[in-house]
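Engineer: If you want the building blocks of each chain, they are given just below.
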Amino acid sequence: MSQNSLRILLVDDDYLLAKGTAKLIERLGGHRVAITDKPDEIFQQCHSKAVDIVLMDVNLPEAVWEGREVSGADLSRIVKNDPETANIPIILISAYAMVSERQKLMEISQADDFWPKPISDYEALLLAIESQVTKH
Amino acid sequence: MDRHAGEGIQKEALLYRMTNRIRQSLELETILMTTAAELRSFLQTDRVKVYRFEPDGSGEVIAESVARLGLPNSGKQRLPSLLGLHFPASDIPPHSREMFVKARTRVIVNISAQQITLNNLGKVATTGDLTVEEVQKTKIEDILQRPVDPCHVEYLTNMGVQSSLVVPIFHGEQLWGLLAAHHATPKIFTDEDLLIVQLLADQVSVALGQSHLLSEARAKTRQETLINQISTLLHTPQQVGQILENVLKTLVKASGCSGGRLYLHSTDPTTATQVYTYGDQPQIFLWGTQPQKSATGEARLLEDEPFWLHLMAKPNHTPNINPVGAADRQWLPLSAEQFSIVQAQLSHLNCHIVPDLYQEPLLASVAATFRNTPIRSILVMPLWYGKQALGGLTLFRDEIDTEIFWAGRFDPDDRNLRVRQSFEAWQELKLGQTPQWHPAEIELVQAVGSHLGMALMQNRLYQWERENRLLVEMRNRELDAARNIAEEANRLKSDFLSSTSHELRTPLASTLNYLKLLKEGFYDNEEELKEYIGVAYQSAENLVAIINDVLDIAKIEAGRMNVQMKLVETRPLLEEQIRLFSIESKRKGIPLILQCEAEQVYTDQGKLKQILTNLLSNALKFTHRGEIRLTARNAAAMSLTGDWVEIVVADTGIGIDTNQREHLFEPFVQADGSIKRRYGGTGLGLTICKRLAELIGGHIFLESEGLGMGTKVRLLLPQGQNVV
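Sequence lines, in order, name chains A and B.
With numbering that gives the first Met the number 0, letter number 127 in the first sequence gets 126, and the count goes up by one each step, no holes.
With numbering that gives the first Met the number 0, letter number 612 in the second sequence gets 611, and the count goes up by one each step, no holes.
Take the hints with a grain of salt, since some may be wrong.
Claimed, not checked - Straight-line Cα separation of at most 20 angstroms, EDC-like style, residue types lysine to aspartate or glutamate; simulated pairs: (1) Lys608/B <-> Glu575/B; (2) Lys492/B <-> Glu100/A; (3) Lys711/B <-> Asp656/B; (4) Lys103/A <-> Asp494/B; (5) Lys22/A <-> Glu575/B; (6) Lys22/A <-> Asp494/B; (7) Lys22/A <-> Asp656/B; (8) Lys518/B <-> Glu122/A.
If you are wondering where the hints come from, they were derived from the structure by calculation, not from laboratory data.
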């Protein structure tokens with residue numbers, strides 16, 4: 000159990016929603032989930048190697064980085080473009096679930112996978128999380 | 000031999016000197032005066048004159064040299080000056096003129112004692128007895144050797160001439176005039192003299208030819224200058240109307256006319272052609288003297304008369320002899336025969352000339368309108384481009400007064416019976432003569448006309464091309480605009496769909512999450528259980544609210560929202576709204592103040608309530624201290640006509656960033672993205688308010704001095720005073 004236990008960073012600005020998601024992942028998959036919606040915290044966590052995978056929401060109305068409003072897709076790209084954090088897998092989880100939006104978001108974010116909100120099949124998500132971590 | 004050679008040289012030198020003097024000028028008048036002077040000085044005669052024939056056979060002395068007695072300036076002459084005097088055609092009748100043509104040589108008469116130098120004594124007939132045909136048939140030797148007509152003897156005697164030498168002057172093959180030397184006493188002319196005179200006459204012929212060429216060249220230059228001037232005018236950057244007016248003015252002046260009209264057919268074949276306007280209607284430009292309106296005062300164009308209609312007819316257009324409204328008018332329709340005459344003249348000349356409009360039966364219907372004008376003659380030139388009839392140019396020429404100085408009185412009916420006894424000059428004044436149109440003038444009008452035709456066509460094509468281009472551009476712009484609107488609508492729809500999808504998925508995700516936690520039994524205690532149920536329930540409610548709002552918007556956009564407009568008492572409606580929010584108001588400690596000054600409003604009661612509920616709910620949500628005022632009053636709105644009721648919801652809340660204000664009516668937009676989370680709501684409230692307000696004939700405005708400065712929403716609704 001502890002061998003397979005992953006350190007997951009869940010980025011979401013809707014705290015109640017994120018709390019539910021985190022609880023389900025922890026209880027169903029046995030992983031540890033940290034919740035944040037602050038860009039500096041995300042980068043710090045990634046740099047400290049305390050994160051195995053990031054689950055990233057896209058709509059983050061309060062997120063500002065270097066004076067600019069940023070979305071989850073922007074934050075994902077920043078993580079991916081930093082050689083020190085580039086190998087951390089990122090899965091986008093967004094309510095912007097339409098195909099065209101999805102393609103555009105994947106392009107911008109350079110993320111590894113995309114899951115639409117709401118998540119109806121947590122078991123499948125957990126398999127995807129584990130396979131991404133194994134891949135990297 | 001030597002003597003002959005010497006004489007030859009002397010003769011040549013003399014001829015050379017004389018021709019040299021003649022050639023010093025290209026001006027005909029100077030040439031002829033010089034010729035007369037040189038010849039008189041050579042022959043030592045009393046008078047040498049140059050006589051020019053007119054087309055009618057009469058003639059005029061146009062150059063002369065007269066010897067004076069004694070001192071050159073004494074003024075006394077052996078023979079009187081005839082310069083400028085006209086002689087009737089009968090003085091040198093056709094057979095005499097024909098004789099000059101045939102003989103092409105001198106006619107010598109020595110009147111003194113009936114002595115004739117060259118004559119055939121065996122011949123009895125004199126020139127006076129011969130007809131033109133007889134002269135043509137008679138052998139030249141017989142003509143040269145004949146007795147002088149006794150009449151001519153008397154004629155010369157009466158003129159005071161005793162001897163005479165006459166040589167014809169030719170212009171090409173045509174008898175142009177005579178070179179005549181008269182002497183008051185008998186004088187013998189030697190063969191030498193005759194030869195010199197003949198050679199001199201030949202020189203005059205050459206000079207005539209040159210002078211003719213010169214005047215032709217001059218006329219041509221004048222014509223080219225005028226055409227250049229006109230084509231420059233045609234291409235000046237002015238209004239077409241202004242240009243055509245100037246061209247007409249220039250042409251009328253240059254062609255020696257007193258007035259002119261330029262008539263352009265309508266470019267639109269369906270338009271009647273008797274209207275005087277611009278644009279697609281026929282156009283008319285006038286300059287100078289014009290005919291007057293008819294006695295009945297009809298404003299009828301000349302160009303609507305059959306005469307003009309026929310001349311300017313479009314090829315496929317059968318001239319309408321009875322145009323609109325002309326049923327009661329007296330018309331003189333052209334017969335087929337008359338029409339073919341007109342057409343024949345057309346094809347021959349390209350322009351039609353009526354020398355005397357009062358003599359032209361086809362113009363009888365309009366002659367009266369010319370009565371009070373000096374106009375006598377008309378030239379009509381139809382304007383064509385290829386086979387396209389463009390209209391017509393009409394020029395007017397006034398009648399003229401002529402004055403002729405005749406040499407002695409003569410009786411036209413009695414011409415050959417009595418020889419004139421006196422050659423005393425008298426002036427004949429002829430008033431109201433028909434003006435002449437010289438071929439050069441007609442040519443000029445034709446040249447200008449064809450240029451005008453080309454320029455008009457060019458202009459029409461240009462206009463047509465420009466109109467088409469504008470039309471295409473306009474259509475393109477319309478299409479662009481329509482496409483932009485469609486694209487914008489499409490974008491808005493897809494944005495709305497995307498936003499709606501997002502906004503529905505978020506509460507749904509929460510609901511599902513907590514239901515799954517409950518289902519899996521992932522709660523540690525009763526409190527956590529209650530919390531999970533509460534969040535799931537709240538999320539589901541939120542979802543329903545959004546769905547209801549989205550459905551409302553969809554209903555409004557689909558036009559399926561029923562509106563029932565009527566006059567509504569304002570105060571009770573507003574009081575009910577205040578009551579609705581009184582509990583929340585007390586809970587938050589924010590007083591709701593009502594101030595109602597408007598009695599009634601024309602609206603849909605349900606829709607107005609929905610709007611006000613939305614606005615008051617927003618105001619309470621975004622206000623943490625201060626107060627909320629709900630006011631209503633009658634107002635006239637700036638930039639909106641009519642009488643309005645202004646309902647204002649003003650709060651002292653967080654206010655709106657000026658940059659955000661315009662977007663707040665868009666779906667799912669809140670002044671700050673974070674606010675939505677903190678304050679809840681569907682994000683569709685203001686969108687629905689705006690749509691509803693428009694639906695009930697109102698307007699909604701959002702005002703805020705900025706963040707922290709409170710918000711004021713103004714709703715303008717019709718008073719409905721005129722509604723029963």
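Engineer: Look at each hint and say if it fits the structure.
Structural biologist: Against the structure, the hints:
1. Lys608/B <-> Glu575/B: 9 angstroms, holds
2. Lys492/B <-> Glu100/A: 15 angstroms, holds
3. Lys711/B <-> Asp656/B: Given pair Lys711/B, Asp656/B holds - Cα atoms ~13 angstroms apart, limit 20 angstroms.
4. Lys103/A <-> Asp494/B: 15 angstroms, holds
5. Lys22/A <-> Glu575/B: 46 angstroms, violated
6. Lys22/A <-> Asp494/B: Given that 20 angstroms is the threshold and the Cα spacing comes to 33 angstroms, the pair is violated.
7. Lys22/A <-> Asp656/B: 38 angstroms, violated
8. Lys518/B <-> Glu122/A: 15 angstroms, holds
Going through the hint list in order, the structure does not satisfy hints 5, 6, 7.
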